[in-house]
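Undergrad: The listed protein sequences correspond, in order, to chains G and A. Heads up, the first sequence is in my numbering, so the first residue is 1 and it goes up one at a time. Heads up, the second sequence is in my numbering, so the first residue is 1 and it goes up one at a time.
It should be emphasised that the hints constitute simulated quantities derived from the structure, not laboratory data. Every clue listed holds true.
Quick look at which bits of chain G chain A covers, simulated, 3 or more residues with Cβ under 8 Å: (1) 190-202; (2) 227-237; (3) 240-247; (4) 254-261.
Just so it is clear, CB atoms sit at the ideal spot from N, CA and C, and this is done for glycine as well.
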Amino acid sequence: MSQTPTDIAHDAIWLRRDAEQISGSLPPLLAEASRLASTVAMGVHGRKRTGPGENFWQYRRAIPGDVLGQVDWRRSSKSDRLYIREMEWEAAQTISIWADDALSMDYKSQKAPRTKAERAKVLALALSVLLMKAGERVALLGTEAAQPRTGETQLRRMAMAMAETREDRPDYGAPPPDRMTRGGRGVFLSDFMGERDAVFDGLARAADNNVSGVFVQIVDETEESFPFDGRTIFESMGREVNFETQRAKALRQAYQDRLQERREALKLTAKRTGWQCLIHRTSDSPRQALLWLYMAIGGQH
Amino acid sequence: MWTLGPVAFLNPGLLGALVALPILWWLLRAVPPAPARRAFPGVRLLLGLRDPERMPEKTPWWLLLLRMLALGAAIAAFANPVLNPKAEARGDGPLLILMDGSWASAPDWQDRLARVSDLLEGAERAGRPTAVQVMSTPLPPEGLRFRQASAWSQRLSGLRPRAWAADRTGVLDWAEDSDTDGFETVWITDGLSQDGDGPFLDGLAEFGPVSLIRSDRTTLALTPPKFEDGAVRVEVLRAQTDRPAPPVKLAAIGLDPLGIERRLGEAEAIFGPDEKSVEVSFELPLELRNRITRIAIPQERSAGAVTLSDDGLKRRKIGLIAGRASSEEQRLTSSLHFLRKALEPSADLIEASIDDILGAVPDVLIMADVGTVSNAEREKLVEWIEAGGLLIRFAGPRLAQSGEGRLDDDPLLPVRLLAGGRSVGGTMSWGAPKSLRPFPESSPFFGLSVPEEVDVTSQVMAQPDPNLPERVMAALEDGTPLVTGRSQGDGRVVLFHVTSNAEWSSLPLSFLFVQMLERLAVSTRSAAPEATDLEGEIWTAKSILNGFGEIVEPELLPGIDGSRLIEDTPSAEMPPGIYQAGERQFAVNLFRTGDVIFPLGTLPAFVQEETMGVVKERVLKPLLLLLGLGLLAFDVLATLWVAGRLSGPRAAQAAGIALALILLPGQMKAQSEDDLAIYATTETVLAYVRTGDTRVDQISEAGLKGLTLMLNRRTAIEPVDPVAIDLETDELAFFPFIYWPISEAQELPSEIAYAKLNTYVRSGGMILFDTRDANLGQSFGMGTPNGRMLRRLAGRLDIPALEPAPLDHVLTRTFYILQDFPGRYARSEVWVEAAPVIEEVEGMPFRNLNDGVTPVVIGGNDWAAAWAIDENGAPMFPVGRGAGGAQQRELAYRFGINLIMHVMTGNYKSDQVHVPALLERLGQ
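Could you put the whole structure together from the sequences, leaning on the hints where they help?
TA: Following this line, the structure appears as structure tokens:
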């Protein structure tokens, strides 16, 4: 998609508005993502879970089955019971994020504040910011930043990759074939409107790699409510697919049924592979989605 | 030009394009409305779905029809249609325009003239020689002459309808006598038939084509009034019975006692279907009936709709006085019996004493055998006679014995009488009874035939006198006067030298007696007079009717023999009107009782008929083009609707807003009025005046919210959320306290609003005026715009005298003790109702002011801004700086609380000055 002067102006306004946060070359997208992340990160301390780590987490009463070497004798000596010293989980994970950048994600109805793609990118980056703060390694599938890394450089690389517009994007996206780190977590941000097989194959492949994670279906409000009527030719964003109806209104129920069916399938796939599903509308606040995502990745769901 | 009914097309060729409409129909049918193209990612989910509804792939027929109509309208428009096109020249050659010009043409005379003018214009354009002839006017002796049409146009306005019928036959003869080749005739008829209509039209047809223009009015006429069964009756005639006629109003018109013409009575005629005439009666008291001069249909301006009344309508009042008490008499010998019989059918008789009769102002007084009259009565009688009364006396034994008028001229007798009298032909006398001489020419009885059987046996005798012969009105064979009379002032005195019963003569038994009384105008004609009655006298017109039914002065009309008045129909020589001969009046009306008028019968086929109305030409092109455009605009909407683009979120919003704009305001208001009343009366509510300045209103609301919160927290007054009130519409009585911030944006309240405010202020409400300008102008109403606005607003409020709040005002201690009333600004004066002047008592901290809550508090401290809180309860505006500011805000709240306390408790705190005294008393 070529960038029209309007888009550039739009970006410029965005840039200026966030000038305080972005110092220098930080892309505007990253700035917004950071800001979004900061609203969530404020209340989050560590992983809040026991696990392998260096920091003390809690003492707990020893129960049958605990290994004797884990008993903290110093604590135990203060009472008649045995206590085990637990550490906070700090192991770094690899999170692979796929933010769909197909043409279909560029859709934005008149009332929506952002395109679906923008929302996906902001969510992806904000999540990355949060995760990197927690020390996780993040990979952005299908881009130059596909190699899982952590730190400011990786963040910037991701932001750059997202900000630039790829040539010859397909109409509908499918999870890229990039190899995902075994045992890591995956976050797929897409509208999942593409051809059923292409989408679900990608999801199955990810599951095969023993990657668990989250599907986020980002939809525009009109894609759910289908507020059209009259004789209409519907076209995909790239005009590859089109469909003509005599009376769009009459198809509303059928369309919503199909959408529901697609979501059910998505949820079923998720359930089978141990993934989780979130449906996010661009008209909603991204903060909720981000919080949910962060919790989901953190394993608190 | 091609004519279709009342529409003509100037370019009829273009109408051929209408043939293309069916082709267009077929073309348009084949093309469905273009679909909308939408980019929509969800399209993949749609693939494979089937349309459950077949939606207009083809244009629906009504939309097609709409477009056809639009196109048709456009085609028709460009064909230049003209409504009511002016008829083009009828032909060439001379044109004769004949107007009936009768009374029946009068009501729509202007229309007729307009029509003629129209015809003349056409003739002028065509250059046709023209003649215009009104058939009721005298025909020009030089015969039918055609002139330029423009020459006639100038004369047109001088044409008048006449009060008689058109002389159609005469016109035909006149035209035939004239030396003309042939001409076209346009006959503007009054729509009434005459005897010679058929030959008239045939005769005209010999000269050339004949066309006829007639109006569609119903012609109405009146027959002369007659008096029957105590009511004046008139018949309303109508010519055209083929259409329903609205009720016709009639008015009886006459002079009132002041001589001003008035409607004395009104009646209504309602025609049944096919009825040609309806009788209408006026029931009027005698006095009014006698005054009627004419009866007219006011809505109909024509001579036919006016009918004049003459003496025939007037029933005279006749006083009868007998010299003897009549009670003991035989009826047939009573001196009044024959008079009664003769006069009753046509006059109103009064029998009473002379005084009473004179009081009733009779036209005639008949004294039968009255001897002496007292001097007082005599004077009155003479006065009455000289004012125009007619005194008729009959002789008799009493008069003969009384010796009246024997020595000198008695004003109550026409001649001097000889003592006694004479009897002839009786058993004790010579000779035979005398019969009458034929009446002399000078006598009012001239012309009456003298029956042979009338003879006189006794009479009183007149003294020979030089004046006697001219006073004799009737005499016996031997020349002795039988009836004498003389003028006395404006009136007359007549003496019959015989009795009014059959004792002295057989005269009262004959018909001559009645005729003589009639001729004396004692009894007026009861029915229409016979031709013979009027014969021989020359009648002159006193006033005549013109064609429009107006009464005008006659001009140079010759006298007419009486018989013609009855036998001839009114004409130019004898227009309808009032005719006079001596004392008597006769009304010549257009119609006689029993006349009927008929509409023009069936016309021969060669006569072309047109209606009367002159209709303006009207070009229809713009109208049709507009119609086409309108249809196209509608087509746009309809097409959108068909394509489903009229619905959808935005359309729904637009429609919703439009609907709301149209429907809701009334309902919302009604709803909110009730709600407001319930809300304001269930709880204590503070109110503020909605100024129309949004910012000010917001601050007022927030301010009162803040004050409400503080009151709830600190005091027992627990108001609920404040409300805004509209002075024009809302009821104020529900609110104990109204905050009124002054804003220049506010419009001055209406009179009704001021009335409400005044009621509110008088009945115990309080208004806090806040100029919000810290009173920078130093004095109210000066300096600041808000101050001036306050002046204007409060100028018409019923506010008592004000003073700056004194230090001991009750506001300073209703709840908190305060020295100042700060708001967002401090230290500006606050004005309250001036207290009555009361001496300060030494040792008392406060003056003893016990009565009244001030109805207004006026200040400029912008209290609402100091009180205002936002949604979170935080102050909206900074007040002062630092701790001092916080203190000022606190004081502002305290002022607010004090104020509301003052509103709620009145002067309760002021009463507390008595507390020490009360306590002391209780202690004892």
